[in-house]
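Visitor: Dock chains L and W against chain S, hints included.
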Amino acid sequence: MIIFEKASKSFGRTLALNNVNLALPEGKIIGLFGPNGAGKSTLLKAAAGLVRLNSGQVTVDGKIPQQRRSKLAYLPEQNTLPPNWTIKRAAEFYRAFFDDWDNERYEKQLEFLNLKDGMRFTRASRGQWAKARLVLTLARQARYILLDEPFSGIDILAREEISKALVRDYSEGQQTIVIATHEIDEIENLVEHIVFMDNGRITVLGDADELRHQEGKSIVSIMKEAFRHGSK
Amino acid sequence: MAVSRWNIFKQLFKKDWEQVRTETYFVLALALTVNMVVNILNIRQATPLFVFIFIAPFLVPLYSAVQLFRREWSGGTIYLLLSLPVSGFPIFFSKLLAVLLEFMIQTIGVFGLTIVFVYLFGTDDPRPAFNFNFACTGNMVHALGMASLIMLGGLALVTAAIFFSQSLGRLVPKYQDLSAFVFFLLSLWIAIKVAAGLGGAVLPFSTAPPEPALIWQVAFFLLGMELVIAGLYLAATAYIYDAKLEL
Amino acid sequence: MDFDAARPIYLQIIELHKRALMTGKLKSGDQILSQRNFAEQYKVNPNTVQRAYREMEALGLVETLRGQGTFVTVTKKQLRTMKDETANHALHSFICEMKTLGFTLAEVLTQVQETWEKEASKR
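Residue numbers (this note's numbering), protein chains in the order written: chain S, 1 to 232; chain L, 1001 to 1247; chain W, 2001 to 2123.
With the rest of the complex left out, here is chain S (with noise of 0.2 Å):
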């Protein structure tokens, strides 16, 4: 489980997270919703080990986050990848640090998402580097999977692909995803646990359908609720 115990961590004058509380439940698929700036990026980064907190701590399985990184997948918003490797070298380079790497789902993902082995990251159009990023975070049987804007910048057809592929590969109760994005529409059927931030802060808590059952709204209403009362 990834526990937050009152994390803070600040950039300069921006206060990224603010006393986060947070036990990310087990084996679920969770939104990590909220505007730009509310320090989603931040809490992912902080649960992958690449951000240190100014106070309060980050456990994975009850250790700190750079003590579990074979646990972890983390997918960063910004490329990762020098530009002149082939999907192909990336995989090759993968497989070699985590015991946790699939090659028969590596393969089938390719296929399913029409993505050759042979291509450059520099000759990748947008969605198709997008895609390749993320079967090369998926291929990996890893218990964590931590992803920071996967739709940014993708056409419609892309983002559809990209959320099949997700549940196709998805396990059960043995995986943790969480998918940060402020494009919550496209993922709503997909996650079962909300987490909406806002400020550096956690304002919404909770079971996907549990949520629109109490208030008897989508949830894209519910953070908007969330967030107008949060900057009043």
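Think of the hints as simulated: they come from the structure by calculation, not from any bench.
From a predicted model like this one, the values you see are computed outputs, not experimental measurements.
Careful, some of the hints might be misleading.
[Stated by the list, open to error] Short derived list, chain S residues pointing at chain W, Cβ under 7 Å:
| no. | residue |
| --- | --- |
| 1 | I29 |
| 2 | K164 |
| 3 | Y170 |
| 4 | E172 |
| 5 | Q174 |
| 6 | E188 |
| 7 | N189 |
| 8 | L205 |
| 9 | D209 |
| 10 | R212 |
| 11 | H213 |
[What the hints assert, rightly or not] Stretches of chain S that chain W covers, calculated by requiring three or more beta carbons in the stretch to come under 8 Å of a beta carbon on chain W:
| no. | segment |
| --- | --- |
| 12 | 190-198 |
| 13 | 216-227 |
All residues carry an ideal CB built from backbone N, CA and C; glycine is no exception.
Guide: Just chains L and W, lined up with the frame of chain S:
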């Protein structure tokens, strides 16, 4: 598939070598061009050109070292590295090896090419000029070997200092490159001070006329110091990477 | 198909299947999509699909045979009850609406008769 340390290091090194390969080939191509131009066009005043290509194997690897680190940030691959279940030491050791290999290929390539061209095109028989290498016994070869090792050790030290100062520079919120440069000068200064201080204390410099044995002692001491300080800077870099760096 | 974003998804998955049963699109013995395929096709969380399927099993509408898939097991009686419930629901809201608009039973009956025949002749 099981993860092996060897395969991990191989992949890291392959990635770093891909980065410095271009610069290596560039210097080799430059040496080839200069030699061909000078010999075919029969340029007399070629010394400046040769100085230029002989210096390249010493300067270009340093440029490569700086770029190896900087590109990780500018290209975003630092995100990839920091997500890997690998500590800082293999990551920077692989970079250091790539720089040293680049240096070796460049020196051997540049000097080798030049010697070949002198043999092919030289008007006077150049053999006597080179023959000392083979004619002189033991000591000369040893001395040359030692000199190359000291050169290599020096490059390792400077490269480790570059990585160390760049990592330190990343911890500063502003003017990271400028800070890295200041840290670099400081780390070299410290290295020299430590080596000179220790050398003065350890080595028997009192004997008035330097004996050959003393020269060897100094050489070994120098090489040892270079390697120890390079190792320390590399370890410090790995520590910063493991415990301090963030994105 | 798109789900109504304001209501729990698992309920809508159950309703989707009930509707298919009542309209005859699904019959007893038919195989329905596996949970995984359903989740993929409709881009719904697999755990949500699982919850819906579990409730449908509890209601006795479907049965999952290990290694073979999920099959419709609805009985005629169940179907009848389902239809009655749905009809009741539709009638109830219709009657409420007519009452609010001030129609009498006789007027409503005539209107129903006329509209019914008009619709029938269209086909």
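Visitor: If a hint holds in the structure, say so; if it does not, say that too.
Guide: Right, here's what the structure says about each hint:
1. Because the smallest distance between the Cβ of I29 of chain S and any Cβ of chain W comes to about 5 Å, under 7 Å, the interface hint for this residue holds.
2. Hint on K164 of chain S holds. Least Cβ distance to chain W is approximately 5 Å, under the 7 Å limit.
3. For Y170 of chain S, the shortest C-beta to C-beta distance to chain W is roughly 6 Å, which falls under 7 Å, so the interface hint holds.
4. Taking 7 Å as the C-beta contact cut-off toward chain W, the hint placing E172 of chain S at the interface holds, the least distance being around 5 Å.
5. Restraint check, Q174 of chain S versus chain W: the minimum CB separation of about 11 Å is more than 7 Å; hint violated.
6. Taking 7 Å as the C-beta cut-off, the interface hint given for E188 of chain S holds, the closest approach to chain W being about 6 Å.
7. Of the supplied interface hints, the one on N189 of chain S holds, with its beta-carbon coming within about 5 Å of a beta-carbon of chain W, less than 7 Å.
8. Look at L205 of chain S: its Cβ only gets to about 17 Å from chain W, farther than 7 Å, so that hint breaks.
9. With a cut of 7 Å, the hint placing D209 of chain S at the interface with chain W holds, because the nearest CB-to-CB distance is about 4 Å.
10. Interface hint at R212 of chain S: satisfied, since its Cβ lies 5 Å from the closest Cβ of chain W, which is below the 7 Å cut-off.
11. For H213 of chain S, the shortest C-beta to C-beta distance to chain W is roughly 5 Å, which falls under 7 Å, so the interface hint holds.
12. For the segment 190-198 of chain S, the assignment as covered by chain W holds, since 3 residues bring a beta-carbon within under 8 Å of that chain's beta-carbons and 3 suffice.
13. Interface restraint, the segment 216-227 of chain S with chain W: holds (6 residues with C-beta to C-beta distance below 8 Å; minimum three).
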